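A.B. asks: Here is how the chains run, residue by residue.
4 protein chains.
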Amino acid sequence: MISFESDYIAGAHPQIIARLAETNMEILSGYGTDKYCESAKEKIRRACRCSEAEVEFLIGGTQTNAVVISTMLKDYEGVVAAKTGHINVHEAGAIENTNHKVLELPHENGKIAPEALAAYLESFYADCNHEHMVFPGMVYITHPTEYGTLYTKQELTKLSELCQSYKIPLYLDGARLGYGLMSLQTDVTLEDIATLCDVFYIGGTKVGALCGEAVVFTKQNKPRYFMTSVKKRGALLAKGRLLGIQFDALFTDDLYFKISRHGIDMAEQLKTVLRETHQRFYLETPTNQQFIIWEKKQFEALQEKVAVSFWEDYDNEHVVVRLATSWSTTEAEIHQLRSLLDGKNL
Amino acid sequence: MISFESDYIAGAHPQIIARLAETNMEILSGYGTDKYCESAKEKIRRACRCSEAEVEFLIGGTQTNAVVISTMLKDYEGVVAAKTGHINVHEAGAIENTNHKVLELPHENGKIAPEALAAYLESFYADCNHEHMVFPGMVYITHPTEYGTLYTKQELTKLSELCQSYKIPLYLDGARLGYGLMSLQTDVTLEDIATLCDVFYIGGTKVGALCGEAVVFTKQNKPRYFMTSVKKRGALLAKGRLLGIQFDALFTDDLYFKISRHGIDMAEQLKTVLRETHQRFYLETPTNQQFIIWEKKQFEALQEKVAVSFWEDYDNEHVVVRLATSWSTTEAEIHQLRSLLDGKNL
Amino acid sequence: MISFESDYIAGAHPQIIARLAETNMEILSGYGTDKYCESAKEKIRRACRCSEAEVEFLIGGTQTNAVVISTMLKDYEGVVAAKTGHINVHEAGAIENTNHKVLELPHENGKIAPEALAAYLESFYADCNHEHMVFPGMVYITHPTEYGTLYTKQELTKLSELCQSYKIPLYLDGARLGYGLMSLQTDVTLEDIATLCDVFYIGGTKVGALCGEAVVFTKQNKPRYFMTSVKKRGALLAKGRLLGIQFDALFTDDLYFKISRHGIDMAEQLKTVLRETHQRFYLETPTNQQFIIWEKKQFEALQEKVAVSFWEDYDNEHVVVRLATSWSTTEAEIHQLRSLLDGKNL
Amino acid sequence: MISFESDYIAGAHPQIIARLAETNMEILSGYGTDKYCESAKEKIRRACRCSEAEVEFLIGGTQTNAVVISTMLKDYEGVVAAKTGHINVHEAGAIENTNHKVLELPHENGKIAPEALAAYLESFYADCNHEHMVFPGMVYITHPTEYGTLYTKQELTKLSELCQSYKIPLYLDGARLGYGLMSLQTDVTLEDIATLCDVFYIGGTKVGALCGEAVVFTKQNKPRYFMTSVKKRGALLAKGRLLGIQFDALFTDDLYFKISRHGIDMAEQLKTVLRETHQRFYLETPTNQQFIIWEKKQFEALQEKVAVSFWEDYDNEHVVVRLATSWSTTEAEIHQLRSLLDGKNL
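Protein chains in written order, with our numbering: chain A, 1314 to 1659; chain B, 1314 to 1659; chain C, 1314 to 1659; chain D, 1314 to 1659.
For lysine to any residue, the following SDA-like pairs were computed, each having C-alpha atoms within a straight-line distance of at most 25 Å:
#1 A:Lys1610 <-> B:Asp1440
#2 B:Lys1618 <-> C:Glu1339
#3 B:Lys1466 <-> B:Asp1505
#4 D:Lys1466 <-> D:Arg1359
#5 C:Lys1396 <-> D:Ala1431
Chain D stretches covered by chain A per the calculated footprint, using a threshold of three residues with CB under 8 Å from any CB of chain A:
#6 1317-1327
#7 1340-1353
#8 1406-1414
Since the hints were derived computationally from the structure, they do not count as laboratory data. This one's a predicted model, so the numbers in the text were calculated from it and none came from an experiment. Yeah, the Cβ is synthetic: ideal placement off N, Cα and C, and Gly gets one too.
Produce the entire structure from the sequences given, and follow the hints as far as they go.
C.D. replies: So, in structure tokens, the structure goes:
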């Protein structure tokens, strides 16, 4: 059995486990005030080339979205997101649980088109009833998106300019950020993101950590008494070292980028296998998630040999499935998949 | 200056004012425990032909929606509504403020098509990730809708059956219910609504009262300690008599139905005037709201003589406007409008 | 049957009913934008001698407290109140429902002692764990208190200075403010309150209105887009005229003060009767609420002739009851009470 | 430098680190559905001798309290706690953030006296205004308490009976449960707790884990769709294995009890040192936290050699400090402390 089910099926990168073991008996202060958190923050600031960035560590993606969005929105505001945005679909209403509405925009393969955002913002303020409506108070994007797609630097720049002109923050959910930055088809760097976004997070859970996301506030805009607000939301980890040590390891000797690049290399090999075995792409993407259309019975037959994610029904007889690579994917697994697909003559 | 701006531009029906004056110095207990509240509840039960209905009075529509929806949903549930539903657009996020998501469905002139609801519910439970998503826990409809349209008895019946089969309540927002029930083109009665819906409210604010909405729980399903939950939401009126006396008056000698019928009669005369003066309908409806397309400059020119509601831009040169009649509209106003539109040669 | 049960047992002062009737068929814009709201706001600003005050009308006291407190607190803050404060005991958790904690201080007959507040604030910031605790973000006081007592000008000044030095607003709940201002034993004027408090409300419900409270922001500190936040909380009245007309009447020709003074005059007569009939005071207050200790059986015997409020058990054989006067109390009722108590020889 | 600052200053017990390393590259499903979670749950059920218990893993204590309390309370209810309860003081308002009030009772060294609970519950329902108040919907206790004290079996039994008679759950916060169960002065077993409490949690963070708490619902009373409610609160860990593997290790070969017993053994040695060096106890407890009164200048002088927790000011010249032992405390540290205190001749 091989698995392309997701990018969080293995534990942590072995160097992380090693560091956790090495530091285990050190006496460290709690709640993120230890030296590893400090060191990790400094390394992230340097990687972003943003010396004034404020970095905070949280445990998971949904928690991070809820904490960041709810502490940055004003009472009368909601957050703009693509209809397919993770916060709008797969977080069980975690944003609404903070008393804020997710304001849906249409999507293009998971992305918000700058033109769609511009039109929405303009029409909102043109509406004479807008004081009875939820104000757009932040724009939320994912990069890579839920569909594995990427914004271009030009698109990000336009979104950023729009946000600036309306004085609302642009927030980038980087749950899979490493795979986006290391894509062979991107012109967006970590430095670009730190320049163009007001706040973003660097995903750890899906890129080699046991858990953890690093939030970066780029404009000296971290909400005041952020630690108290984090605690209020049940999101403050007593042994903050668990997050600090992991991110310190990930940002030592470019580990985060190297293992992300490995995930992308595996994705490129995966795409080659999929193409050469004549699979039908639903969406071929520049990152670590690929979407394929399979007949239902073939999907069922393969389920015993290879784990993939059911995505959605395509039609009565076909389904869309997702295959994900990651830092832990091996070439052997890719080869096994080729054998399986060859043998099946799909 | 005449006004078709909305159906809440005047005070209350004169009989309501008279009753408030007559009862003013009576000593009555507070918080909705007085004899007028009791009497009004009994009259509403009878009008609904639903002897087991539980009736409660609240002050306004947004408050009513937030109280009813949040006390009936379970923690993991949201409320299904048309994209154009009042709770989804014009209540400033009042539902999200109770920690629940509004789950958008497409609309047909403000209505949810039973087929669309069926497809959504089926696909939700078919999705293997649905425990990461907000569960559909209630269906919210407006009748008349925000576009003045009405459900047929057949449509209501289908929605009701779907809700029953998924064991979730059907909730009808009747802010303008009187105008729907007295429409010349409806086959839906108040009794039908009490039979088909699990909970609904009879709008007072837009149908002759100074304020007030009567919530009707039809299936012995009023949330336990509802009064405490109302108080917790800041929605409990100390002098509950203000609501009881008004609804007692509205449901004495069919006043509610008579004044609603007057609003519909005025709407029929309005439609005649609009047609005979060759206005371009955006939407001609069976209730008290009519939607017309005007050139922007004509709209501006008329604004000094007749008040209407700007609804939305139609194109660069045209706008959609809404004209509403109500219990307080007079034939004289309709005649004045005809003169204006004739004179304008639009 | 006579009643001293509360100060909201009658409808509205007759002049208010008259004004509602006179203006009833006027066409007015909704949501508090009508001319009566404007006029009432201006009259209140003048009565407060605070030309820069921002005035907003809400419907009831619990609603007002929840809206004001939750829109003024920051995410990490709670509101400081006496243990006996209305928000801490009798509002069903309406403040907590906005995600904020009520921080209890001990009380002295319903009042917060400035010394107790000073000690609490000092110790809070001295605690090295205070970032794990709810920050004090506002001080809430009632005047008159739930026990009918009043702050002196010196006490109010000290509380105000403390709040200023910690940069947190002082909020005064004036549900019964008129009876406090017209007390024979107060040195606090409405102007003092407008000077010393950052925000307060002038109670209408208990002082002659059918409903309604006037919130006064005294320091140009009304939260931005307050109307949207009010709507989000289900507290925006469509026919705002109902509040505007009532407060316009109350602040025309000093009606608010005159009827409050009547309530106080009746309270003075009541106290005389209670003393002369040898009732045992639990608390004799300078405002419209008096607290008496009765034997349980006498309480039960009197219940058919005079309505009072049960307050709490005093001991196994005695209870504390509250007798309230108001703008609607008559001398005849006081005389009837005297006869009852004389006859009873309590 | 030695540290008695808290029981979460070290990483995890070495066997936990070893198990994380051994299992690291296994492919496991996410969100707590893996085999290690299953195994850990079964072992916990057996340790509790409660075969029908439902066990769920969460990340930290504040999160656990907020999730459990808010999913078990009804809308109109709050949670009863000692004034000193962790949820009432040191969780930054996390319970109020879920829209529920913490109802304070007086404490006796951190404990709720059964008599105080009985009196409160009785008086609540005797109050004729209780529908305007927050209903008591759960009783929250800590064991050991924040003061290191323990309930006796008799006290727990009385609290449990009271809760049963009012039909509200008894919830025990066991952040430090191991140290309570292994105390030399307790008659309460894990089985007792599973029998007497409706829900409780077994703390991992302070008893050898990197993070994690195991919630045990003992009466088939786990809230429906609990996983969705956990996700909604941002508390669902993608790599649930991190929690499953740790608790599986802790409940293999009684590791949890053995390391807790070590913490208690160290506490007994600590108490001996404190007594023999004539320290002044503020509170000598049967568990792993001891409270000492020190002169401020001595406290400052010692701070460079031994880390302890400042607890509170005792008077102008003295402070209360807390010394905690844990699974990671060594005899060498105790000896060093003795030398320090001897040398200091405090």
